[in-house]
Amino acid sequence: MENGAVSDKEKLYNYLKEKINHLLKVLGTKPLNPDELDLESILSIDPIGIIAESFDQILEHLNETNEELITAKEEISAIFNSVGMGILVIDKSCTIHSFNHRLCEMLETDEKEIYNLNFAEIFPSEIQENYYNDFFHKESFKEFHNIPIKNKYFDLNIVPLKRQQGAVNSYIISFNDVTDKIHSELMFQQIYDNANDMIIGLDTEGVVRNLNNAARAILGCSDEELIGKKFSSILAGNYSGILPFELMEIISDSRVKNAEMKLIDKQGNEIYVDGSFFRGKLNSSQTGVLGILRDITDKKKVEEELEREREILSVTLRSINDGVITVNEYCQVIMINKTAEEMLAVSSSEAENVALEKILNFSEVNQLPLCRIGPKRYFTSREYDSNSRFCLTLKNKKGTDYKVDVFITPLIDRSSSIIGGVVVLKDITDYLRIQEELLNSSKMEALSIMARGIAHDYNNILTAIMSNVSLAKLKAESESVEKVLKNAENAVVNAKNLTMQLSTFAKEGVLAKEIVSLKEFLKSVCDFTLSGSSCYYNVHCTENVSYVEVDKSKLSQVINNLLVNAIQAMPGGGKIGIDCRNIDIGEDTALPLQRGRYVKISVTDEGKGIPESQQHKIFDPFFTTKEEGTGLGLATSYSIIKKHGGHIAVDSKVGEGTAFHIYLPAEKDGIDYKKEKASHHIQKHHKKVLLMDDNESVLESTSELLTELGADVDAVRSGEKAVEKFAEAFRKGEAYDLSILDITMPGGFGGKKVFKEITKIDPEAKCVISSGFTSDELIKNYKKYGFYSCLHKPYDLRELNMLLMNV
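All the letters of the sequence shown, read from the start, carry residue numbers 155 to 961 under this note's numbering.
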């Protein structure tokens, strides 16, 4: 019975609980928890009480649920209004249920106007026509891009809201404002299409995917001709195989690559471009490489032209013998030519950007005015004169001095603004030396005239003395007197050699060659040159050394120059050795001489020697190591020896001395010289001789000598008288066998003119030209002018004897 009662209670409990929970569910509240309605409560309270209590609980649950809903609504509203995009909720009939504040801002309207808007005003007709039925009937998620609404562009996302049973009763539409993006894309497209530079899009394989109008125009290609082709197909030369950079590297590292390259257009013309390549969008879905290529063909041509002009300028500046330095407005060196580098002993790299005053060191001034006040102030000041120049002594860092003329001119740009200056250094060291030499030359010319006069007059005196001594010897009755006269005759011969040395100072003419025995000749020159010096000499000639055919006065000048150099090399005195020997020159010789036999004359001193670095220069004109030297002695010597068909060389060691070697062609025998020496036998010659000279002593003494030799002599003191005498004798049939004519006569009627008149009378006339000056052209080449022979004053009895003997 008891168990049955329990079972009935449980049934009642379960029944009541089920009904209460059903009631709660109908009211929309949550069911009761088991601990809220236990068995005892249900059984101890009447059903009405239970229901009343349940309603209290229900009301309490309703209040709690409403509070949660309000809180949730506030949270949703806060989220709804705080999102960055506009949100609109509509139902299937397009009635607006709600929207956020952001949508009002986007559409630039207020909440009241939003509610008054209908679907057509918000969405353009094309969206309604194309998508309305689709997303309202299929109830699916939709996304639309770049939709124009009220002068703006939006991306729209439409999401359906479904009930618990799955039916859709409303939609949430999100608005994302992409107006700025669209404007940027439009702007980019305009820039892309209208840019002056070429823009080409490449994929990772280097294939052209797009190009702009500039690229089409410059390359002369359409899209069909270029898009889809390898970019390398339009690259020229060395660029055609590969690109000068990796495309994948640009895309992966977002690096910008710059490259200068050469393209080929449709016509095959080369186009120089300067390109920048970077990662960019080829389209909405593909990333690649965009290249901006600027046509620099004209710039390249200008650069090439500038480079060509720069090279021409550089070559021109290098070829200019003057030093040229260009400075900027701050007087800093921006360019220096080769001559200036040599003059200043600095390289262009050392001088570049250095202040001009630091590389220019003058003895006379600390600074040029250009350096002192700067180019702009100097060239606009009264101090500047475009015709002015500065004659200064330039000292370079090696210690070398240059006499320079400094010219300064402004450097002006196209707008006529002064942007610097140009300093020209004209080396006038040699010019001043030449001027000095010209002055010396004029002095030498005066000395030459004086020497000529002295030699002429002196030889006339010696001729008279020699003639009288010869006459005295013929009439001497004792050997002691003859010996004294012989000594006097030797003294006259020595005096004659002195006059020959004086002729060295006279004006040069052509070579008057004669056969010479070198030993006697060299001793004579040494005696003359070394007289009064602290040096002594030794002449050594090997046995049977050959004779040479030379101009004695010129060779004397050469030997004299070498002896003077030796004296100057040994200021404290010393020995000068002169060696003379035969030498045979073969084909394998290094000397600039033809095959054959030569006589080698070596002049050696014991001086300080010549540095090896200077030995190749010593025969150059004006090169000298002496403070007071002219640099002409060895140059003249070189010229004289070369004219003789020979060569002169130097061999020197510093601290040991110097040897000069002269090579002269050897004569095979010297017959003429031997014959001359052997013809000493005096005999009578029955010849008729006309003698013309302006010196009374010479006429008298020479007439007596000729008379002693058996000649019939007519002596005259003028050219007119000589012609008159010759004509008279020829007319009578008593023509002269020989006419001895002095080259110089008062009034200008000398030997040459007389000879011309005489040969008009008798073309076969034998005439001998006579002079006390041996360097005269007429004496040196008498045969060229038609003379039979010549006599060098002073002449003696033997010379006259040989002359008459050969007539």
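One or more of the hints may lead you astray.
[To be verified] Once the Cα atoms are required to be at most 27 Å apart in a straight line, the calculated BS3-like pairs of lysine-lysine come out as: (1) Lys-673 - Lys-557; (2) Lys-920 - Lys-907; (3) Lys-629 - Lys-907; (4) Lys-875 - Lys-841; (5) Lys-841 - Lys-938; (6) Lys-677 - Lys-640; (7) Lys-938 - Lys-907; (8) Lys-920 - Lys-838; (9) Lys-435 - Lys-411; (10) Lys-266 - Lys-304; (11) Lys-580 - Lys-771; (12) Lys-512 - Lys-530; (13) Lys-706 - Lys-796; (14) Lys-552 - Lys-512; (15) Lys-384 - Lys-416; (16) Lys-677 - Lys-637; (17) Lys-296 - Lys-246; (18) Lys-492 - Lys-416; (19) Lys-384 - Lys-454; (20) Lys-886 - Lys-875.
Calculated directly from the structure, the hints in this document are not laboratory data.
Remember, it's a predicted structure, so these values are computed and weren't measured experimentally.
Each hint, compared with the structure:
1. Lys-673 - Lys-557: Not satisfied, since the Cα-Cα distance of roughly 46 Å exceeds 27 Å.
2. Lys-920 - Lys-907: Satisfied, since the Cα-Cα distance of roughly 15 Å is no more than 27 Å.
3. Lys-629 - Lys-907: Not satisfied, since the Cα-Cα distance of roughly 37 Å exceeds 27 Å.
4. Lys-875 - Lys-841: holds, 20 Å
5. Lys-841 - Lys-938: Holds. Lys-841 to Lys-938 sits at ~25 Å (cutoff 27 Å).
6. Lys-677 - Lys-640: holds, 21 Å
7. Lys-938 - Lys-907: Holds, at about 15 Å.
8. Lys-920 - Lys-838: Within the cut-off at roughly 19 Å; holds.
9. Lys-435 - Lys-411: holds, 17 Å
10. Lys-266 - Lys-304: holds, 17 Å
11. Lys-580 - Lys-771: holds, 22 Å
12. Lys-512 - Lys-530: holds, 19 Å
13. Lys-706 - Lys-796: The given pair, whose Cα atoms are some 15 Å apart, holds under the 27 Å limit.
14. Lys-552 - Lys-512: Between Lys-552 and Lys-512 the Cα gap is close to 14 Å, so the pair holds against 27 Å.
15. Lys-384 - Lys-416: Within the cut-off at roughly 15 Å; holds.
16. Lys-677 - Lys-637: The hint holds at about 24 Å.
17. Lys-296 - Lys-246: This hinted pair holds, its Cα atoms lying about 15 Å apart.
18. Lys-492 - Lys-416: The hint is violated at about 36 Å.
19. Lys-384 - Lys-454: Satisfied, since the Cα-Cα distance of roughly 26 Å is no more than 27 Å.
20. Lys-886 - Lys-875: holds, 17 Å
The structure shown violates the earlier hints numbered 1, 3 and 18.
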